[in-house]
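**Q** Given the coordinates of chain A, assemble chain B onto it according to the supplied hints.
Chain by chain, the residues run as shown.
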Amino acid sequence: MTTYILRRLLLMIPVALLVTVGIFIIIRIAPGDPVLTYAGENPDPLTIAAVRAELGLDKPVPIQYAAWLSRAVQGDLGRSFQTKQRVVEAITERIPVTLELGAAALLISVSVALVVGTISAIKRNSAVDLLTTSVTLAGVSFPNFYLGLLLILLFAYVVPGHILPPGGWTPFSTDPGDNLRRLILPAITIATASLAVNLRQVRSSLLDVFGQDYVRTARAKGLRERAVVVRHALKNALIPVVTIIGIQVGAIIEGAIITETIFFIPGIGRLAVQAIPSQDYPIVQGVVLVSALSFMLSTLAVDILYAFLDPRISFAAAES
Amino acid sequence: MSGTTLPVVLRAQPESRAYALRYFLRKNPRMLVGVVLLAVLLFVAAFAPLIAPYDPIKVSVSDALEPPSLRHLLGTDDLGRDVFSRVLWGSRVSLSVGVISVSIGFLFGVTIGLLAGYLGGTFDLLAMRVIDALLAFPALVLAIAITAALGPQIQNAMIAIGVVAIPGYARLTRGQVLAVRSRDFIVAARTVGVPPVRIILRHIFPNIANALVVQATLATAFAILAEAALSFLGLGPQPPYPSWGQDINYSQRYLANMKWWMSAGPGIAIFVAVFTFNFLGDALRDALDPRLRRSG
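Sequences listed follow chains A and B, in order. Sequence positions in the first sequence follow our numbering and run 1 to 320. Sequence positions in the second sequence follow our numbering and run 1 to 296.
Here chain A stands alone, though its shape is the one from the complex:
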């Protein structure tokens, strides 16, 4: 197991390096010149050169990359062109908000998927199942930014009493109650898209397990249906679900970008979106890097967990 984890970690290094190269290339191919954005109106060539040197943009691109990477591994992602704040600082300030939002979304999505998916699988081809699968398909197809706007409209103007505020953020430490109230709508918005995928996975892997010999044996020896489902089927059906949940981390980061923008939540998604129009390279680079690395780590964690949960999986096979 240790060898497997070590090998996976080692394999991650070239991919992570490629990721950083990718991010660097993407940001540097931009046609606009950030220097002009920061040099003020009608700058003279001297000012331009000074700003360019100050931003480190006067050196050849490979050297810029090497310098950026060597600083990045030491935790220095540069400073925001616009606010001069350190990128690491800007991200660490905002990441707890995104994490809280993501965790809430994951919790909603997984718990609803488990309950509804199980019911849907047990009552396969019933009206409940049909309704669930249709709603699921609709959920995957619904644009989350429109869902967010609909929820805002609903709770701000239709549901009386302003139970859930239409946007804004209060940290948990300041006012836990208000924090939770502000969390619900954006969390639901993010959860909807991944809910559909999770629910579908719970249903289909349960159906797979229901066809297995050991479930038939459990039924044949006279166990109650509840024991068969909970103790025998669900436990084994959850293994593939774990993988899907790992993949959801990517979907949640994507969801956070859009949702934080709509609900005015000061997380890293909103940070990135605000940095785009002003060509604030370091911020965009930092956020994209953090999202890619967290996505990679969560995929790795899931792979390890998967091998741990299901001893049948040979580590060699899991690698290929």
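Check each hint, because a few of them may be wrong.
Here are some chain A residues pointing at chain B (derived, C-beta under 7 Å) [as the list claims (entries may be wrong)]: (1) I29; (2) S141; (3) Y157; (4) A292.
Source of the hints: derived by calculation from the structure; they are not laboratory data. C-beta atoms are modelled at their ideal positions from N, C-alpha and C, and glycine is treated no differently.
**A** Below, chain B without anything else, positioned relative to chain A:
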């Protein structure tokens, strides 16, 4: 060579092909629903200039912010532009981004996958690391990063979404090629000296086409959704040209005044378009993959 006669024998006559298609659709009624939805969508996009009752970018301040009525089916926006006409025209943007970006992803992804799967060795190793690196990004984050770098234009959105789609095809194709490569008919073709390019195009590709069609259909759904998200963030086509995501973004400023109709049309349109491709993709997968049909 006796091997060449086999495909000729198996090639169906046109009448029996039409019959097979009818049989296929009767056996898979969901396919029929999906195809009809798709046909409607394509019709709207193709004939938007003829169906749309108004010019989608013509400003008419005296008609501003009218709620839905018989004159303006989905109401008007703050500049008096007809929302229904904008929705119809917007389908052109969404569908063209969907089709073009999926084609980009298909072309590059399938080529890489075919080569990596068939050649193996160093090419496979290197290509798959690059694909892994692409997969390490959450798809929409990568698309946003690329479009933001290239500049907010519809062509750039197409490129970005296309790049994001590449790993899906490459992985799927490679896996399928590896599964097919050792089958007897490939070994036989290789033994009689069929050149590799011909083996890949004539013998391997048709055998993995089903899986690719399903992937392409589902990827189109993703592409439309991604284009809407990019447009929503201001990274798609620029105003005044109609685009669903951008129109929803624009409508946000009138949310507080309860002018809900400005976003309802484009919101529902995105949903219908994405749903159509997801539904069709699901139906295709069930119809084309007998294994899934059983475990359904």
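**Q** Among the hints numbered above, which are violated by the structure, and what are their numbers in rising order?
**A** Failing hints: none at all.
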